[in-house]
Amino acid sequence: MLIFEHSRKNRRNYSQAPATRPAKSNIPDNLKRKSAPLLPEVSEMDTVRHYTRLSQKNFSIDTEFYPLGSCTMKYNPRACNSLAMLPQFLAHHPLAPEDTGQGFLACMYELQEILKDVTGMSAVSLTSMAGAQGELIGITMIRAYHDARGDTERTEIIIPDAAHGTNPATATMCGYKVIEIPTNREGDVDMDALKAAVGPKTAGLMLTNPSTLGVFEKKVAEMSQIVHEAGGLLYYDGANLNAVLGKVKPGDMGFDVIHMNLHKTFSTPHGGGGPGAAPVGVADCLLPYLPIPIVAHEQGVYRWLTEKDRPQSIGRLSAHMGNAGVLLRAYIYVRLLGAEGMFRIAEYATLNANYLMAELRKLGFEIAYPTRRASHEFIVTMKEIKDRTGVTAMHLAKRLLDKGFHAPTVYLCLLIEPAETESKETLDRFVAAMKEILDEIETQPETVKTAPHAMPLKKIDDVKAARELDLVWNPAG
Amino acid sequence: MPFIPHTEDDVAEMLASIGAASIDELFDEIPAELKNGKLTRVPTGMSEMEIARLMYERAQQDGFYLNFIGAGAYEHHIPAAVWQITTRGEFYSSYTPYQAEASQGTLQLLYEYQTMMASLTGMDVSNASLYDGASALAEAALMAVRQHKSSRRILIPQTVHPVYRKVVRTIVKNQKIEVVEVPYDPATGQVAADKLEQFAREEFAALVIPQPNFFGVLEQVDMLTDWAHDKQSLAIAVVNPTALAMLKPPGEWGHQGADIAVGEGQPLGIPLSSGGPYFGFMACKQELVRQMPGRIIGRTTDLEGKEGFALTLQAREQHIRRSKATSNICTNQGLMVTAATIYMALLGPEGLYRVAAQSHANTLTLAERLENLSGVKRAFQGPFFHEVALQLSVPADKVLNKLKAQGVLGGVLLEQDYPELKNTLLICATETKTTADLDKYTEMLQQALTT
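Which chain is which? The protein sequence lines are A and B, in order.
So that you can map any letter, position 162 of the first sequence is 162 in our numbering, and since no number is skipped, the others follow by simple counting.
So that you can map any letter, position 164 of the second sequence is 1164 in our numbering, and since no number is skipped, the others follow by simple counting.
Hints may be right or wrong, so weigh each one.
Unchecked claim - Quick list of in silico lysine to aspartate or glutamate cross-link-like pairs, EDC-like style, CA-CA up to 16 Å:
#: 1; chain 1: B; residue 1: 1038; chain 2: A; residue 2: 440
#: 2; chain 1: A; residue 1: 34; chain 2: B; residue 2: 1252
#: 3; chain 1: B; residue 1: 1324; chain 2: A; residue 2: 161
#: 4; chain 1: A; residue 1: 458; chain 2: B; residue 2: 1304
#: 5; chain 1: B; residue 1: 1231; chain 2: B; residue 2: 1185
#: 6; chain 1: A; residue 1: 247; chain 2: B; residue 2: 1025
#: 7; chain 1: B; residue 1: 1038; chain 2: A; residue 2: 99
#: 8; chain 1: A; residue 1: 362; chain 2: A; residue 2: 470
#: 9; chain 1: A; residue 1: 459; chain 2: B; residue 2: 1307
#: 10; chain 1: A; residue 1: 195; chain 2: A; residue 2: 180
#: 11; chain 1: B; residue 1: 1035; chain 2: B; residue 2: 1048
#: 12; chain 1: B; residue 1: 1038; chain 2: A; residue 2: 340
#: 13; chain 1: B; residue 1: 1402; chain 2: A; residue 2: 99
#: 14; chain 1: A; residue 1: 458; chain 2: A; residue 2: 402
#: 15; chain 1: A; residue 1: 177; chain 2: A; residue 2: 192
#: 16; chain 1: A; residue 1: 9; chain 2: B; residue 2: 1350
#: 17; chain 1: A; residue 1: 218; chain 2: B; residue 2: 1368
#: 18; chain 1: B; residue 1: 1035; chain 2: B; residue 2: 1050
#: 19; chain 1: A; residue 1: 24; chain 2: B; residue 2: 1368
#: 20; chain 1: A; residue 1: 386; chain 2: A; residue 2: 439
#: 21; chain 1: A; residue 1: 218; chain 2: B; residue 2: 1033
#: 22; chain 1: A; residue 1: 57; chain 2: B; residue 2: 1307
#: 23; chain 1: B; residue 1: 1306; chain 2: A; residue 2: 461
#: 24; chain 1: A; residue 1: 116; chain 2: A; residue 2: 284
#: 25; chain 1: A; residue 1: 386; chain 2: A; residue 2: 446
#: 26; chain 1: A; residue 1: 464; chain 2: B; residue 2: 1368
#: 27; chain 1: A; residue 1: 201; chain 2: A; residue 2: 180
#: 28; chain 1: A; residue 1: 34; chain 2: B; residue 2: 1222
#: 29; chain 1: A; residue 1: 219; chain 2: A; residue 2: 190
#: 30; chain 1: A; residue 1: 362; chain 2: A; residue 2: 436
#: 31; chain 1: B; residue 1: 1231; chain 2: B; residue 2: 1203
#: 32; chain 1: B; residue 1: 1038; chain 2: A; residue 2: 425
#: 33; chain 1: A; residue 1: 9; chain 2: A; residue 2: 44
#: 34; chain 1: A; residue 1: 403; chain 2: A; residue 2: 440
#: 35; chain 1: A; residue 1: 435; chain 2: A; residue 2: 366
#: 36; chain 1: B; residue 1: 1306; chain 2: A; residue 2: 470
#: 37; chain 1: B; residue 1: 1035; chain 2: A; residue 2: 252
#: 38; chain 1: A; residue 1: 32; chain 2: B; residue 2: 1222
#: 39; chain 1: A; residue 1: 464; chain 2: B; residue 2: 1029
#: 40; chain 1: A; residue 1: 424; chain 2: B; residue 2: 1013
To be clear, the hints were calculated from the coordinates, so they are not data collected in a lab.
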């Protein structure tokens, strides 16, 4: 039932809105609204019940295990939320003078310093509101760098074919042509293809390491050399930073610009699809182009750097300074963990992934890169099972929902990432569920193919959703 | 180990299963010369009690002020239920609703949100949100260029929020799209209709129309919308969602209505919190829906015909279309939209109208009182919603400092972005301000002007 269907004309919540309806106005009649908007008229209790019930129809980290590859669904500590929501922080206006926000700015400055340290970059800007915006900033800076050198013939960005879809979409949005290069049977970028692809048109390379295939690009130093020798720059997509935090720094791998998804590695909530935050770090060569605002600390006072301080900056990406409250949660998280906790993230995420990979292999699942270590994630191929039984990765994923586990990331395969916050018992329960499904595939494949069965709904009709577009509720039906 | 549940026995059993001697061995594919375990600027970890102490101290350091600043972010009362429900773990810690059967709660809520926003803006459809108001305007500009096909130029009045104009430039210049600014009328503070004529013979993909504009002033939206449509340009509305409870929605502007409506969703139940996270909204006419960026939710059925919700029109998006997607956007601001939807449901049409009307009346009252002071005059004669620009006869920065010393944030200086507007304050008084607050501001300004 929709919230609108609970609505009754003239039902109101008297405590939440102003008590009177002031008539005082200077708005000309031709600019006034003539009919009320379609908002529901429901009591506070019915509203609370409605949205509480809706929340209960969701899977979430607080209720289920998400073995979701490249998404790093780790526990979101409650302290991060409650302390970021202290009333003074919530009440602070973004345009209030800097001297009224020194406490908040101190947190942001320290977060910048911490992120510089863990990534090995020279400077960090916190403004980016999501991974894809971090990418946009990074590629825009690469363009600014080449333009500033009068090097305007570079029109191509090289991207491995296994990259997340935002990488090529970003390159296009920045006006570049995308050159895709293949990966070899070991899961590494095909070096010959890379050598053939680079040249005077190469503006840069976008790379995720460990890659979306769940393996560490061993030849990253050589790749860096090839691209740099051709005059291009290296972009690091920090989607999988969780796997190597404190073990290896993107700056040491030769990257010139990186983004880090705080909603992954630094445990800020996914919130049902956002808000994210993706600070951008740069090497010295890109320092002047970093987007503003950036927090500076001078003579014991924190202040925002603006266009005046950074005339070559690519500019601003948000009305204020990005997703401040998300940044505050990440700050609290890194202070809780400390330096010693940073190493442990990568260690236990990697332990969990390799354990799960080993256990699933013992069950008979085919691992995509069996000779490789899992980074913090790994791929189970479904080809043999599909060819033999017709059960696809998506069928298996939907059946996992019935067993109380969120689906892994599904392409034609399953990309599985158990974050470090999951216990061995949870992983063992997941393995047991995978075994049950494997047995079902042999004995009752239709049960798997028609899953889910235990959810509030059967399989959703996506085709109908797209063909018979129904995007807003119409009271007339 | 914070947030890591493994016991020593667990680790031993897991390593035995893997066939590795140590956790360190699991990193043996990383070339030794790249390994770098040194962190020099990350402090050691703190307990929850210690970090709580630190954050309380920092919050206290920032304190509370009586706030009269608006300029794109507005202080409104947020009902207690909004964030108590929004921060339930099932909303707070859930993933993007790609697995529809495990995400019906978020998906239905987003469908309800789309319905509310489409109605509030008077448009046919809405997406499930963008990052913020500024980036939503940039996406609308890109959308207009895709739709228009022949022009790659966008007309943006100088009455649009200065930072929004900067953000649009940052984002669209990569695609060789030109931003052309339209001056404002110094008497009314509205888009200068006579200056618009100089662009009459040029081709533009779109005209951006703010309502209210950055000065708080109401624009002649019907005239501007028709002007854009007469020259085959799209009309992009940038609107305040609270104001829409009182003001004519973009879908009804001019003869045909605006084509795209965007704006900052923060006034709908999102705390000011130093500028974010907020959310951008975007609604448009039906014929533009396939050009719209970001996630969109559709109502459909499951295989047994039971009503359900799913992400739809995904063929526009980066995870399917890769380099040919309408935008690179992946994330939206889901949790903020959760709060906004609950906010709108709790307030309803009458509640939201009262918030708007009280904010408008408070600002009007404050403006009248301040105008009566000697040395204060209204900068613009146009009608306004809940912000007003006032010109002072003395240095305005000094006045703001005096007010701040007494715990009042008196507004923002327009001179930073409009050098011609010397000593001019932009002041906002939402429904959160009492008569006593307005009195206090008036008295303090009077003192500041005379001492």
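Do the hints match the structure? See the list:
no., hint, in the structure
1, B/1038 x A/440, "violated, 49 Å"
2, A/34 x B/1252, "holds, 10 Å"
3, B/1324 x A/161, "holds, 15 Å"
4, A/458 x B/1304, "holds, 7 Å"
5, B/1231 x B/1185, "violated, 22 Å"
6, A/247 x B/1025, "holds, 12 Å"
7, B/1038 x A/99, "violated, 34 Å"
8, A/362 x A/470, "violated, 46 Å"
9, A/459 x B/1307, "holds, 11 Å"
10, A/195 x A/180, "holds, 13 Å"
11, B/1035 x B/1048, "violated, 31 Å"
12, B/1038 x A/340, "holds, 10 Å"
13, B/1402 x A/99, "holds, 14 Å"
14, A/458 x A/402, "holds, 10 Å"
15, A/177 x A/192, "violated, 20 Å"
16, A/9 x B/1350, "holds, 11 Å"
17, A/218 x B/1368, "violated, 70 Å"
18, B/1035 x B/1050, "violated, 32 Å"
19, A/24 x B/1368, "holds, 12 Å"
20, A/386 x A/439, "holds, 14 Å"
21, A/218 x B/1033, "holds, 11 Å"
22, A/57 x B/1307, "holds, 14 Å"
23, B/1306 x A/461, "holds, 10 Å"
24, A/116 x A/284, "holds, 12 Å"
25, A/386 x A/446, "holds, 13 Å"
26, A/464 x B/1368, "violated, 57 Å"
27, A/201 x A/180, "holds, 14 Å"
28, A/34 x B/1222, "holds, 15 Å"
29, A/219 x A/190, "holds, 10 Å"
30, A/362 x A/436, "holds, 14 Å"
31, B/1231 x B/1203, "holds, 7 Å"
32, B/1038 x A/425, "violated, 32 Å"
33, A/9 x A/44, "holds, 15 Å"
34, A/403 x A/440, "holds, 13 Å"
35, A/435 x A/366, "holds, 13 Å"
36, B/1306 x A/470, "holds, 15 Å"
37, B/1035 x A/252, "holds, 8 Å"
38, A/32 x B/1222, "holds, 12 Å"
39, A/464 x B/1029, "violated, 47 Å"
40, A/424 x B/1013, "holds, 9 Å"
The structure does not agree with the numbered hints 1, 5, 7, 8, 11, 15, 17, 18, 26, 32 and 39 stated previously, though it agrees with the rest.
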